[in-house]
Amino acid sequence: MSEHSGYSGYSEKDVQQEVTELEGKSATAARLFDIRRIIGGLFVVYGVIVTIAGLVASDADIDKAEGVNINLWTGLGMLALGLFFLAWQKLKPTTPPPPGAVPGDERGQ
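FYI, in full-length UniProt numbering the residues of the sequence shown are 1 to 109.
A portion of the hints provided could be inaccurate.
[Claimed, not checked] If you anchor each label on the Cβ, the simulated ranges turn out as follows:
hint, residue 1, residue 2, range
1, I62, I38, 29 to 35 Å
2, K90, V19, 25 to 31 Å
3, L81, K13, 45 to 51 Å
4, P93, W73, 43 to 49 Å
5, I35, W73, 24 to 30 Å
6, N69, T95, 47 to 53 Å
Calculated from the structure, these hints are not laboratory results.
All residues carry an ideal CB built from backbone N, CA and C; glycine is no exception.
Please model the entire structure based on the sequences and the hints provided.
Quick look at the structure:
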């Protein structure tokens, strides 16, 4: 019998288990790197920083902006947008593509 007889030493069950495990890891990675999480997180972080800058703004800073505490309002807006993205990602998580689906292939529809 030759070295390349086609027998790999793995049963069909082992291969199926490995495929299932890799699909689970792929779905976890897709959820972890969802763009909504990244955008929401950055807006929340920057929103906190700008809101703090608005809370400690001096009267001279507020006078420069025609009497409006622009840092406070911008920071609160950024916080709201960031929290919206994070809530959206939490309430409607991405679903992994069905097995065997080819990205960009729309012939089957």
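Each hint, compared with the structure:
no. : hint                  : in the structure
1   : I62 x I38: 29 to 35 Å : 33 Å, holds
2   : K90 x V19: 25 to 31 Å : 29 Å, holds
3   : L81 x K13: 45 to 51 Å : 48 Å, holds
4   : P93 x W73: 43 to 49 Å : 31 Å, violated
5   : I35 x W73: 24 to 30 Å : 26 Å, holds
6   : N69 x T95: 47 to 53 Å : 42 Å, violated
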